[in-house]
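Residue numbers (this note's numbering), protein chains in the order written: chain A, 1 to 402; chain B, 403 to 698; chain C, 699 to 1020.
Calculated from the structure, these hints are not laboratory results.
Treat the hints with caution; some may be incorrect.
As the list claims (entries may be wrong) - Straight-line Cα separation of at most 25 Å, SDA-like style, residue types lysine to any residue; simulated pairs: (1) A:Lys67 <-> A:Glu322; (2) A:Lys374 <-> B:Tyr466; (3) A:Lys118 <-> C:Leu908; (4) A:Lys237 <-> B:Leu475; (5) A:Lys237 <-> B:Ile533; (6) C:Lys785 <-> A:Glu117; (7) C:Lys744 <-> C:Ala874; (8) A:Lys118 <-> C:Trp989; (9) A:Lys118 <-> C:Ala726; (10) A:Lys329 <-> C:Arg853; (11) A:Lys237 <-> B:Pro670; (12) A:Lys374 <-> B:Asn465; (13) A:Lys237 <-> B:Gly544.
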Amino acid sequence: MKLGKMAACAAAFSLAAGAAQAELSDDVVKIGVLNDQSGLYTDLAGPGSVEAARMAVEDFGGTVNGKAIEILSADHQNKPDVGSNIVREWIDVEGVDVVVDVPTSSVALAVQQVTSEKDTAFLVNGAATTRLTNEDCAATGVHYTYDTYSLAIGTGKAIVEEGGDSWFFITADYAFGHSLEEDTSNVIKENGGEVLGAVRHPLSSSDFSSYLLQAQGSGAKVIGLANAGSDTTNAIKQANEFGIVQGGQSLAALLMFITDVDSLGLDVAKGLKLTTGFYWDQNDDTRAFADRFSERMNGQRPTMVHAGVYSSVMHYLKAVAETNDDGGKAAVDQMKKMPVNDFFAQDAEIRADGRMVHDMYLVEVKDPSESSGKWDYYNVLRTIPGDAAYQPLSESRCPLVN
Amino acid sequence: MTELLGVPAPVLFGQLLLGLINGSFYALLSLGLAVIFGMLNVINFAHGALYMTGAFVAWFLLNYLGIGYWPALILAPLVVGAFGIVLEKTMLSRLYKLDHLYGLLLTFGLALIIEGLFRNAYGVSGQPYPIPSALQGGQNLGFMFLPTYRGWVVVASIIVCFGTWFLVERTRFGAYLRAAVENQELVRAFGINVPLLMTLAYGFAVALAGFAGVLAAPIYQVNPLMGQDLIIVVFAIVVIGGLGSILGSIVTGLGIGVVEGLTKTFYPEASATVVFLIMAIVLALRPHGLFGRPRA
Amino acid sequence: MTTLNARTETRAILGSPQAGYVLTGAVALFVLAAPFLGIYPIFLMKLLCFALFACAFNLMLGYVGLLSFGHASFFGMAAYITGHTVKVWGLTPELGIIAGALVAAALGFAFGALAIRRQGIYFAMITLALAQMVYFFSVQAPFTHGEDGIQGIPRGAFLGLVDLGETLNIYYFVVAVFAIGFFIVYRTIHSPFGQVLKAIRENENRVISLGYRVNHFKIAAFTLSAGLSGLAGATKSIVFQAATLTDVHWTMSGEVVLMTLLGGMGTILGPIVGAGVVISLQNYLATVGSWVTVIMGAIFVICVLTFRRGVVGELARILRGR
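I would like the entire structure built from these sequences, with the hints used as guidance.
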């Protein structure tokens, strides 16, 4: 009897608390776009992601259930401590409800800890490590645009199938690089190839000559670049300088963005195969988005990260409008219930581990003679369906799954 | 493929050659530091920032004025040298009477300002600077493919380093300099303008850093932080060579580059640390450095 | 041998001892009441950690007259050790912090033994180079997780009883750590040991001729300074739940030099004031990004050129001159 009373009381209490929670805190939905705004990932995310988030808010109508939407942005300088401190202060002081983008896997992992502790939604677009949906997954996190597994499946498999069956890795020495190297190695071995060795370089290196020389000395057919941004472009340029490709070895850029291709130029980049979650010149919808984006960004075309930021923010706002609750877990739970259907992804869904599953594309960089001009860079070789592109849920090491 | 000590010979020779290229930059920079320390008794923390400035001046010349690599090789050091003279006249010269540490702290502050300004304006991802057309391509040396430009870097820096050594050790101007280092009062008594000598020495040493910056631009990209981590290695080299020793700094600079190259072949993880390890050993055995003499 | 601040007054600042007590009391009261004044507690905790770091550093620069450019390695290594022992070994936070501080002290002893052979500029450069070795070790060693750093260090419970996840609890925990550290610095300076240190700064040869083994004193001071820097770094890693390369990089060494120089080296309260100014600047200028570096550089230059005694040193001089 007594126990029953207590239980009823507790139930009533929790109901009240639940009711109090199910509203938009501070009468405003605040979106914090956190990324690299001065370093090697500036072009692929940076101000473009902030602009993409702004476009999503405008297209949504500027308010959600009558409450204002605000956007904040900050530069995490690719340092995990800087990133997690900004997010902590954003949540504590500014009342930020959702953190978006966050390239650089180490920073994303640090932010995931803070957002899950403080029940704030986290939409990862720029970062790639699969740890975000495995060991380090969170009920408040969504990994939206791509990950190292999908890159490995796309590029690694394609190259091994064409006979590039012995590999040497030049790897950026942090979470993302390790994750990409590991995932690609698995794909290579599963497809009958072998990995001869790897060398690690610090993030944001300027001189790759000694690593390239080791790669050359290994005698591998393929030199896999498990890095990103200007690290990748520098490595490719210097490989050119040292005559690596002329020497019979080929380069595999495991993560490349269209902005990287643009900075390399087609003369250097032609023929590279890469995997991407989005290409602006696919259909009318993607072109329409790209046109609007480039109008606001001095002619730059959107990378997959920019497109992903737009799509994920839009999806988040729809979820919040549905439940009228901007608590992190509540919003993400609702996002998982609704399919994503827009220019970025069709009939895509967010899984229990936070992985957003959508189609990926294997593309080849065009020869200068094929290209009609700036930003006309890719031939889409094949579409990799989401189920094949991403790690199966059954293999996920995320505690939320079981 | 032939092997030496379990490492394919081409890889070993290649790394040694790359080490020599890095060593060329070390030598140019540590030479400048040695001259400044010898003359002014100041550890110039801004040396790395001025090296970076040299690279940026070359980049400005190319992008805004269309002035190419070869003129920049002369112009950029002149600009950086002039900038150095201004710094010396307006700030450094006021600290000579104080403890030398203030010189270190001042130049540290200057380095922060210079690097911060460039960082604000150009981010940290670096601006590309093309290799001059005359030095494109490369030679196949049998054991490795040597880009012509990198070969040129070694040659140019060795010429400049030994030119400087000749200037300091074998000319009348150099004799004044060395005399002023030994005994300023006495040299002044002979009617030589010592403060001017010091200003010129600083300007010259800083110009060397600018020269190194231009040499580095096509290899490393023009990046606001390019001097930041290099400078610490160069400090260690100057300590190993013996503070203030001209020849010591040149030889140690090249030598450390080669040692780093060796380390990269046999134990790559330690390649960034080996220079500091050598420094600790040298200090324990010869506190004044390999080429230094005990000074009062 | 010239020392850095042979002419700096070492007496308790701000004239009379009473004034000092009143000021210290006022500061203590403010620190205790601060969380209720609407100031962001994490900011205050960061400030306290850095103030302790600067005080520890000042012990070397201000009272022994040796400029170390490698103090980041003590600060950062302690942060790593604490992070690792608390996160992986499951130690309680206070044990983790003690472990961090002890390792930092041991590292300081090793640094001191190597660097103490030289003075002045040489000492600065040697400590810098040794610190760089520690930095590269931190990049390579598996337990530090390289570029990723140690993330998500649990704050745990103090003595297994008080939950430090609560903001107020951890705040007063940090205040207590700071008070202990500051007390150690204060007692050291005012002990016979501290007197010998000051004597070494003023005239080393004279102290040697009096029969003191100067190098032993210097190494002891360096070890203590390193240990207290470690205490600060260890506490910071519990507050921010992270230990990363930023903490061991040489720019961190530069920052602590700046704090001490700006506040006034060789004064007791100077480093605290300096840390307060620098951390506030970083916090409020964070929105303007990399301008922070430029402004810090400018402060450095202005300090060196115009007021070498620092804020507190100059203030004390003005008050005395009245």
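To see whether the hints hold, each was checked on the structure:
1. A:Lys67 <-> A:Glu322: holds (13 Å)
2. A:Lys374 <-> B:Tyr466: With a Cα-Cα distance of about 23 Å, the restraint between Lys374 of chain A and Tyr466 of chain B holds, given a limit of 25 Å.
3. A:Lys118 <-> C:Leu908: Violated, at about 61 Å.
4. A:Lys237 <-> B:Leu475: Holds. Lys237 of chain A to Leu475 of chain B sits at ~23 Å (cutoff 25 Å).
5. A:Lys237 <-> B:Ile533: holds (12 Å)
6. C:Lys785 <-> A:Glu117: holds (16 Å)
7. C:Lys744 <-> C:Ala874: Measuring from Cα to Cα gives roughly 14 Å; hence the hint holds.
8. A:Lys118 <-> C:Trp989: violated (31 Å)
9. A:Lys118 <-> C:Ala726: violated (31 Å)
10. A:Lys329 <-> C:Arg853: holds (23 Å)
11. A:Lys237 <-> B:Pro670: holds (22 Å)
12. A:Lys374 <-> B:Asn465: holds (21 Å)
13. A:Lys237 <-> B:Gly544: holds (22 Å)
Violated hints, listed in ascending order, are 3, 8, 9; each of the other numbered hints is respected by the structure.
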